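> Protein chains in written order, with our numbering: chain A, 1285 to 1639; chain B, 1285 to 1639.
Treat each hint with caution, since some may be false.
[As the list claims (entries may be wrong)] Dumping the calculated DSSO-like pairs for lysine-lysine here, alpha-carbon to alpha-carbon at most 27 Å:
#1 B/1422 - A/1476
#2 A/1314 - A/1437
#3 B/1289 - A/1314
#4 A/1546 - A/1497
#5 A/1314 - B/1328
#6 B/1328 - A/1422
#7 A/1422 - B/1289
#8 A/1407 - B/1318
#9 B/1328 - A/1328
#10 B/1318 - A/1389
#11 B/1389 - A/1422
#12 B/1314 - A/1328
#13 B/1422 - A/1356
These are computed hints drawn from the structure, not numbers from a lab. Please read all numbers here as calculations on a predicted model, not as lab measurements.
Number of protein chains: 2
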Amino acid sequence: MNSEKLTTVAELGEFGLIDILTNDFEINQKTTIKGVGDDAAVIKGRAGFHTLVSTDLLIEGVHFDLTYTPLKHLGYKAAVVNFSDMAAMNGKPKQIVVGLGISAKYTVEALEELYKGIKMACKLYQVDFVGGDTSSSKAGLFISVTVIGEVEKPQITYRSGAAQGDLICASGDIGAAYIGLLVLEREKRVFKANPNMQPELSGNDYIIQRQLKPEARIDIVDQLREQKILPTSMIDISDGLASEILHLCKNSNTGCMIYEEKLTIDQQTYDVAREFNIVPTVAALNGGEDYELLFTIKQTDYEKIVKIKDVSVIGYMTEPENGKRLITVDNQAIDLKAQGWDGLKEREIDSALNG
Amino acid sequence: MNSEKLTTVAELGEFGLIDILTNDFEINQKTTIKGVGDDAAVIKGRAGFHTLVSTDLLIEGVHFDLTYTPLKHLGYKAAVVNFSDMAAMNGKPKQIVVGLGISAKYTVEALEELYKGIKMACKLYQVDFVGGDTSSSKAGLFISVTVIGEVEKPQITYRSGAAQGDLICASGDIGAAYIGLLVLEREKRVFKANPNMQPELSGNDYIIQRQLKPEARIDIVDQLREQKILPTSMIDISDGLASEILHLCKNSNTGCMIYEEKLTIDQQTYDVAREFNIVPTVAALNGGEDYELLFTIKQTDYEKIVKIKDVSVIGYMTEPENGKRLITVDNQAIDLKAQGWDGLKEREIDSALNG
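Take these sequences, add in the hints, and give me the full structure.
Here it is, written out as structure tokens:
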């Protein structure tokens, strides 16, 4: 060590860190089509197809809390969030490999529960489990999932293809997973303070399910094919709508205009957000973990997109000079800002729960 | 929880656990050629090739000790041990994705060191770094590496193709990485007891390098091609020769006969093993982490294999009824037994260092 000032990871943030660490990797293999920088890497595949690869870590105490996460749900979610990355490339998951680091407190029966969830996801999404690595860990549970998928060559969709004027679309509803997390965290704190209290989860089924058992929108990929719509850019909503739209704008070199009134927020999400004194739109913009698809299409595809159930047009791409803006219901223009680093989210939860 | 007895992972061991967790996964995708059970999964690849996928976890305090492991070496090793899995399929690594879980104690500069090692390995082995995931962790450093490789279809080599009479071959020398680990652990304990003592590592350069900076034997794969030798079965030596030969025998349904006098053990390995009162052959059989290749060839390839530098013929495959045996230098037949579960290895190191 010398006397130079060392930099903490928090100072850089996740995306800054990734930039620094990966900026000077060279691409040498002719089979590598796209490296770092999208929802998945793209590799030359079998005739007519690209192969897609994506990896995700789930770490106890950071990404999940076993106080309220059943292991079967955790296994299911670990698989599904990776499947979602394949959908984000307009492709489908085909195989997964799973790395598991387990501390001594986990019994074989507990791990079987975890694997039941992985199996359930694999069965539902028709994905083959093809390998893994299991190891002891000194502290807690680590799950690393790598998914291999494929997409017909002409259908591949990057983050970078949007042009100004393209319509911005989002599947499903957003913000629910985050509000579900707040409910789970609240009930955990109540339980910790008084172990005789039973958690009050009833009436919150939808938002809790969105947090504990998300789905990957492969069905949207199928419907885009059926309607012969090729999105110009796409990403999945893992870190929150605001963060994801900024990715699309940055990679496509566009600005954007999003309309608050067009955002789909479920009634339960809306009501419980209000209980927490959170503006529902803020939960929708910054919440994350909804695993819905955010994509852009050509204006000429408008007539086709309205035929797809469960997709909303929420805005459009603009010139980069116009910035990235949200138009509120009372017609204010607000600059969109990225959130979405684990530590930050933790502070937000604290602040929401402590008033 | 009910009153049934719960099973600890230690009771089952790593391989038993993997069997239980993965036994009832179905294979549904027509692109999946081989799932769990070899050094890598095999997937339909570009014209003329199979795609290979393998994943490994490296966990602080289990697989590495940062007291004596420079981060650059760690990054290099994390990549290379995965490249070795591609060699074990008679193929080559082409792309990697890296998942990183990092606790707050790691600075950006420390992570840059780690990545320098990954980059060095990628450059030397001509592998493209194509993606990853970075996250905070509550305790220590977790590295998950998934490697994608390929092999010309007719060249793919599984663990299962050996027949009785086939010659058993091993590249390089074995046991060195384990003895190197013992030296590093010894010096760590000396240093802990008296921080003013300087570690005595000189004279042990080779074995320490074998532990800290292993290589993947892609050069052997190249030489096998040049000599037009297609191995009948192959595996890399990560858990120790005894454990690996038992895998080949089990998967190929053979027995084996290995000759102690044919095992290649480096002089430094031999001498330092003696210092620790360890029989060098035991280190070679059970040590692990040498990342040499263990493979079988047809007897008719004998004239060709002797042309390959750095490969020894160490025995041959037999009928399964003959068992799996080592013939010692004094002509005793000993049954080979598997070692190689992390916890077990830890106890062995303790016993070696405490006399």
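> Please go over all the hints and tell whether each is borne out by the structure.
Hints and how they fare:
no. : hint            : in the structure
1   : B/1422 - A/1476 : holds (20 Å)
2   : A/1314 - A/1437 : holds (16 Å)
3   : B/1289 - A/1314 : violated (54 Å)
4   : A/1546 - A/1497 : holds (25 Å)
5   : A/1314 - B/1328 : holds (18 Å)
6   : B/1328 - A/1422 : violated (37 Å)
7   : A/1422 - B/1289 : holds (24 Å)
8   : A/1407 - B/1318 : holds (18 Å)
9   : B/1328 - A/1328 : holds (11 Å)
10  : B/1318 - A/1389 : violated (32 Å)
11  : B/1389 - A/1422 : holds (16 Å)
12  : B/1314 - A/1328 : holds (18 Å)
13  : B/1422 - A/1356 : holds (22 Å)
The structure is inconsistent with the numbered hints 3, 6, 10, although it conforms to all the rest.
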